[in-house]
Every structure is written in structure tokens, then in C-alpha cells.
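Start from the sequences, fold in the hints, and give me the full structure.
Number 191 marks the last residue of the sequence shown (the numbering used here); no jumps.
Hints are computed from structural coordinates only; laboratory data are not their basis.
The beta carbon of each residue, even a glycine, is placed where N, CA and C say it ideally should be.
Certain hints may be false.
[To be verified] Simulated crosslink set (DSBU-like; lysine-lysine; CA at most 30 Å straight-line):
id, residue 1, residue 2
1, K26, K37
2, K129, K188
3, K99, K89
4, K188, K89
[To be verified] Each pair of labels, with its calculated beta carbon distance range:
id, residue 1, residue 2, range
5, A54, L184, 28 to 38 Å
6, D114, D53, 24 to 34 Å
7, P42, H165, 34 to 44 Å
8, A97, Q139, 19 to 29 Å
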Amino acid sequence: MPALTMDQVRQLNSYSIYTTEPKRTLFTLADIHKDFYHPDFLNLMMGITDAATETAAISHFARRYGMFFAMQLYMLAAYDEVWDGKPIELRFDAAKEFDSFTVAMFVNPNDWRYVDEDERQSVIEKILYDGHVIVQQLRKVTSISPLTIWENFFGYLLWHYHVLLSNPGLADQAMEDIEALEDPKTWT
Numbered sequence: 004m005p006a007l008t009m010d011q012v013r014q015l016n017s018y019s020i021y022t023t024e025p026k027r028t029l030f031t032l033a034d035i036h037k038d039f040y041h042p043d044f045l046n047l048m049m050g051i052t053d054a055a056t057e058t059a060a061i062s063h064f065a066r067r068y069g070m071f072f073a074m075q076l077y078m079l080a081a082y083d084e085v086w087d088g089k090p091i092e093l094r095f096d097a098a099k100e101f102d103s104f105t106v107a108m109f110v111n112p113n114d115w116r117y118v119d120e121d122e123r124q125s126v127i128e129k130i131l132y133d134g135h136v137i138v139q140q141l142r143k144v145t146s147i148s149p150l151t152i153w154e155n156f157f158g159y160l161l162w163h164y165h166v167l168l169s170n171p172g173l174a175d176q177a178m179e180d181i182e183a184l185e186d187p188k189t190w191t
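What follows is the structure in C-alpha cells.
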């Protein structure tokens, strides 16, 4: 497992993904995979976000998970690394940002690994599949359009690829990854 550089940690932190221990773990990604946990998850998100509706609270979480989703593809393009932890190891806690409460994510910095070129396509497919699973689970929590959730994921990704394509040292790899994402075979 590679050690994350200070630049990588700073990048993760800028998207509320921290490599430190949380004060407490309110829930994990594994919890979201469990249907019986959904009522508790919804209550937590309603309480943390103070959202007016259930859909708004879950959309808020989707934006937060979207940061993690997009950051995995950014780290892949920029550093040839991907998060390889277990769902129980992606932990969430409440955090105050800009005078409002939200959820922050906590990962073990040792759960990132290098990606060999011959496995890059399958890694991209796994990131997309994992995102699809979260979309399906969030739709079980409340009535929310899958397009809204995917927009929350890809909104951040568009910005990341804009930045990557502006960097001559990273543009070629970023374009290859974009082409993989645009290929319909990647999504089957």
C-alpha cells in the first residue's frame, strides 16, 4: 500500500474525506448496504442536515458520497491509485462546515493502492458499480431520482477532469479515463 503524500491528503481533505480517526462513527458505508438500517440512516441524515424533506436529506448525502466517488477517479488519473478498503472502513461522522452541519468521511490512508495499467479498466468499472449500488440503496431510503444521485456524483467529477485536462502532465491519462467512462461497454 502506498503512503499518501501531503498533497493527496490535502486534496482528500478539501472534499471532506479525512485520513484521521473520527470523533465517533455514526455509520459506515456497509450500514447503507443493509436495508434494515435505512430508517436509522434517514433519521440521521434528517437530523444532521436539518433538511426540509427526506429527499433533500438523502440528496445531501449523495453529494457527499459523490465527493468520494469523484475523488477515486481523480486519484486514479492523477496518481494511479484507488481506495481499496472495505465498506465497513469508510466511516461517516457529523461535521460543522461553514456554520452548517454535514457528514464527513473518514478513510484509512493505508487503504489506497497502486493500480496496474492492465487492471485500470476493471478498476473504473468497479468504481462505477460501487456507485450504482449506492444509488440503488439510496432509492430504497426515499423517493429520489437516480439521475439526481448520478448528477451529484458526476458534478464533482466534471470539475476534476477539467483540472486534470488543464495539467499537461496528467491530461493524457485523464483523457484515457474519460474515454473509458464514455465507452458503453464500461457500463454493462
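Status of each hint after checking the structure:
| no. | hint | verdict |
| --- | --- | --- |
| 1 | K26 to K37 | 23 Å, holds |
| 2 | K129 to K188 | 13 Å, holds |
| 3 | K99 to K89 | 26 Å, holds |
| 4 | K188 to K89 | 26 Å, holds |
| 5 | A54 to L184: 28 to 38 Å | 30 Å, holds |
| 6 | D114 to D53: 24 to 34 Å | 31 Å, holds |
| 7 | P42 to H165: 34 to 44 Å | 39 Å, holds |
| 8 | A97 to Q139: 19 to 29 Å | 25 Å, holds |
In summary, the structure agrees with every hint in the numbered list given earlier.
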